[in-house]
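The chain contents come next:
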Amino acid sequence: MNCKKIRDLITTDYIDLQLSVALQRQIREHLKGCGQCRKFEQALRQAAVEPFKMAQEIKPPDFVWERIREGIEAEEAETEGLFLGLWDYLRGFLNRRRPVFALSTALAAFITVAVVINISLGSRKAVNSYFQEQGEFLSGLAVDTGSNPATNQADLGTSIEEYFL
Amino acid sequence: MTDIPRDILIRAANADMQAFEQVYKAVSGFVYSVALRITNNTADAEEVTQDVFLKIYRNLKNFQFKSSFKTWAYRITVNTAINKYRTVSKEKKRMVNYDDTIEAGNTIADTGASFIEREDAEKAVASLLNALNSDQRACIILKEIEGLSYKEISETLKININTVRSRLKRARLALLGRAESAGVPYELQKN
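Protein chains in written order, with the numbering used here: chain A, 1 to 165; chain B, 166 to 356.
A few of these clues could be false.
Capping the alpha-carbon separation at 30 Å, the derived lysine-lysine pairs in DSS-like fashion look like this [claimed, not checked]:
1) A:K59 / B:K288
2) B:K334 / A:K53
3) B:K226 / A:K59
4) B:K334 / B:K226
5) B:K249 / B:K231
6) B:K255 / A:K5
7) B:K316 / A:K4
8) A:K5 / A:K53
9) A:K4 / A:K59
10) A:K59 / B:K231
11) B:K316 / B:K231
12) A:K39 / B:K334
13) B:K255 / B:K231
14) B:K235 / B:K323
15) B:K226 / B:K249
16) A:K5 / B:K226
17) A:K4 / B:K231
18) A:K53 / B:K226
19) B:K220 / A:K4
20) B:K334 / B:K323
21) A:K4 / B:K249
22) A:K4 / A:K39
23) B:K323 / B:K226
24) A:K59 / B:K316
25) B:K323 / A:K53
26) B:K288 / B:K226
27) B:K255 / B:K226
28) A:K53 / B:K249
29) B:K334 / B:K190
30) B:K334 / A:K5
31) A:K5 / B:K323
32) A:K32 / B:K190
33) B:K288 / B:K231
34) B:K220 / B:K255
35) A:K4 / A:K32
36) B:K249 / B:K323
37) A:K4 / B:K190
To be clear, the hints were calculated from the coordinates, so they are not data collected in a lab.
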């Protein structure tokens with residue numbers, strides 16, 4: 001492994017202990033014999049690794065939690081208010097529209113009754129006319145057979161019918 | 166970051182404010198630290214922290230425990246902070262170094278080091294991070310300060326593990342180059 005490759009590995013995996021034990025040992029051996037790479041490793045640790053070891057966790061000021069709590073409460077109140085507002089709107093809508101609903105219900109009932117009556121009247125007319133037609137037909141038959149047999153015979157039409165008769 | 170018991174998270178997801186406050190106490194330190202180091206501005210970091218916890222509160226009920234809460238919280242924090250930083254940078258608002266952090270009343274966890282040592286260390290860290298772009302900065306913060314593994318960083322930032330390597334490498338070489346130009350003797354690209 002050449003120095004460039006060694007330095008690539010030093011910059012990340014070697015410093016962060018991400019290499020296999022064998023590779024880690026191989027680089028350590030290289031560093032023992034290569035002054036430039038050893039210098040590189042020391043400079044890198046000094047410039048880019050060691051300073052961060054002094055970094056401390058910084059706690060937020062107390063008012064941040066107060067703001068968060070207030071934010072949550074405000075959001076919950078807003079959500080609750082939204083539901084209440086929606087319910088109020090619906091209730092108001094229903095109250096305002098009650099006469100309209102009553103009128104539309106009455107109108108629907110009227111139309112229904114009218115349609116039902118119309119259908120029943122229509123169907124009775126049809127039945128009456130049917131019976132009337134049938135009555136007329138039957139009475140016509142009775143008149144024809146009784147009054148004039150000759151005419152009746154002439155009315156039979158075909159020669160086959162005449163033969164059977 | 167300390168692990169938070171699952172029952173606390175479930176209670177917090179069910180709008181239990183006491184449980185949510187416990188979650189806040191457990192993670193607010195790293196959320197604010199990461200936000201501050203990425204945005205480099207106390208007001209922005211406070212805003213990011215607030216946004217992050219509101220997002221956590223809103224979405225905790227949808228958290229499936231498929232990934233760790235830690236990774237999830239880091240992801241929300243880093244994304245929110247980077248977005249804030251980019252927005253602010255675009256708007257060219259005046260940036261205030263977080264040198265004022267301690268003066269503004271924020272507390273640094275006590276580790277036994279003297280106040281001046283800690284203040285100097287924080288200034289040095291801020292100065293180094295300022296030399297990096299936001300993507301490199303996020304990687305360095307998660308690796309060097311938060312101690313995440315390459316795999317955890319890739320899951321947090323939703324990037325390939327080789328991208329993590331590449332960003333860390335560029336960031337470190339940038340810091341090395343900066344040190345060199347500031348007088349630290351090293352012949353960077355020889356051999």
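Hint check results:
1. Simply put, K59 (chain A) and K288 (chain B) have alpha-carbon atoms about 16 Å apart, close enough for the 30 Å limit, and the pair holds.
2. The hinted pair formed by K334 (chain B) and K53 (chain A) meets the criterion: a straight-line CA distance of about 18 Å does not exceed 30 Å.
3. Between K226 (chain B) and K59 (chain A), the direct Cα distance comes to roughly 26 Å. Compliance with the 30 Å bound is thereby established for this hinted pair.
4. With a C-alpha separation of about 38 Å, the suggested pairing of K334 (chain B) with K226 (chain B) is violated against the 30 Å cut-off.
5. Among the hinted pairs, K249 (chain B) with K231 (chain B) is consistent with the structure: their alpha-carbon atoms are about 27 Å apart, no more than 30 Å.
6. Of the pairs offered as hints, the one joining K255 (chain B) and K5 (chain A) is violated, with about 38 Å between alpha carbons and a cut-off of 30 Å exceeded.
7. In summary, the hint linking K316 (chain B) to K4 (chain A) is supported, as the alpha carbons are separated by about 25 Å, within the 30 Å threshold.
8. As the CA atoms of K5 (chain A) and K53 (chain A) are separated by approximately 27 Å, the hinted pair is consistent with the 30 Å bound.
9. The straight-line distance between the Cα atoms of K4 (chain A) and K59 (chain A) is roughly 42 Å, outside the 30 Å bound, and the hint therefore fails.
10. Among the hinted pairs, K59 (chain A) with K231 (chain B) is consistent with the structure: their alpha-carbon atoms are about 28 Å apart, no more than 30 Å.
11. A distance of roughly 16 Å separates the Cα atoms of K316 (chain B) and K231 (chain B); the hinted pair therefore holds under the 30 Å criterion.
12. Proximity of K39 (chain A) to K334 (chain B) is assessed by CA-CA distance (about 17 Å); at most 30 Å being required, the pair is judged to hold.
13. For the proposed pair K255 (chain B) and K231 (chain B), the alpha carbon gap of about 35 Å is over 30 Å, so the pair is violated.
14. Restraint check for K235 (chain B) and K323 (chain B): the C-alpha separation of about 14 Å stays at or below 30 Å, so the hint holds.
15. For the proposed pair K226 (chain B) and K249 (chain B), the alpha carbon gap of about 25 Å is at most 30 Å, so the pair holds.
16. Distance restraint check for K5 (chain A) and K226 (chain B): the Cα-Cα separation of roughly 48 Å exceeds the 30 Å cut-off, and the hinted pair is therefore not satisfied.
17. Between K4 (chain A) and K231 (chain B) the alpha-carbon distance is near 40 Å, which puts this suggested pair outside the 30 Å criterion.
18. At most 30 Å may separate the alpha-carbon atoms for a hinted pair to count; K53 (chain A) and K226 (chain B) exceed this at roughly 36 Å.
19. Distance hint between K220 (chain B) and K4 (chain A) is unfulfilled; the C-alpha atoms sit about 45 Å from each other, more than 30 Å.
20. Pair hint K334 (chain B) plus K323 (chain B) holds up; C-alpha atoms about 18 Å apart against a cutoff of 30 Å.
21. For a cut-off of 30 Å, the pair hint linking K4 (chain A) to K249 (chain B) is broken: about 38 Å separates their Cα positions.
22. Restraint check for K4 (chain A) and K39 (chain A): satisfied, since their Cα atoms lie roughly 13 Å apart, inside the 30 Å limit.
23. For the suggested pair K323 (chain B) and K226 (chain B), the alpha carbons sit about 22 Å apart, so the restraint of at most 30 Å is met.
24. The straight-line distance between the Cα atoms of K59 (chain A) and K316 (chain B) is roughly 27 Å, inside the 30 Å bound, and the hint therefore holds.
25. Between the alpha carbons of K323 (chain B) and K53 (chain A) the distance comes to roughly 25 Å, so the proposed pair stays at or under 30 Å and holds.
26. In summary, the hint linking K288 (chain B) to K226 (chain B) is not supported, as the alpha carbons are separated by about 39 Å, beyond the 30 Å threshold.
27. Distance hint between K255 (chain B) and K226 (chain B) is unfulfilled; the C-alpha atoms sit about 34 Å from each other, more than 30 Å.
28. Using a Cα cut-off of 30 Å, the hinted pair K53 (chain A) and K249 (chain B) holds, with the two alpha carbons roughly 26 Å apart.
29. Restraint check for K334 (chain B) and K190 (chain B): the C-alpha separation of about 34 Å exceeds 30 Å, so the hint is violated.
30. This hinted pair checks out: K334 (chain B) and K5 (chain A) have alpha carbons roughly 13 Å apart, not beyond 30 Å.
31. Proximity of K5 (chain A) to K323 (chain B) is assessed by CA-CA distance (about 27 Å); at most 30 Å being required, the pair is judged to hold.
32. Between the alpha carbons of K32 (chain A) and K190 (chain B) the distance comes to roughly 47 Å, so the proposed pair goes past 30 Å and is violated.
33. For the proposed pair K288 (chain B) and K231 (chain B), the alpha carbon gap of about 38 Å is over 30 Å, so the pair is violated.
34. Simply put, K220 (chain B) and K255 (chain B) have alpha-carbon atoms about 24 Å apart, close enough for the 30 Å limit, and the pair holds.
35. This hinted pair checks out: K4 (chain A) and K32 (chain A) have alpha carbons roughly 16 Å apart, not beyond 30 Å.
36. Restraint check for K249 (chain B) and K323 (chain B): satisfied, since their Cα atoms lie roughly 18 Å apart, inside the 30 Å limit.
37. The suggested pairing of K4 (chain A) with K190 (chain B) is violated, with an alpha-carbon distance near 46 Å, which exceeds 30 Å.
The structure shown violates the earlier hints numbered 4, 6, 9, 13, 16, 17, 18, 19, 21, 26, 27, 29, 32, 33, 37.
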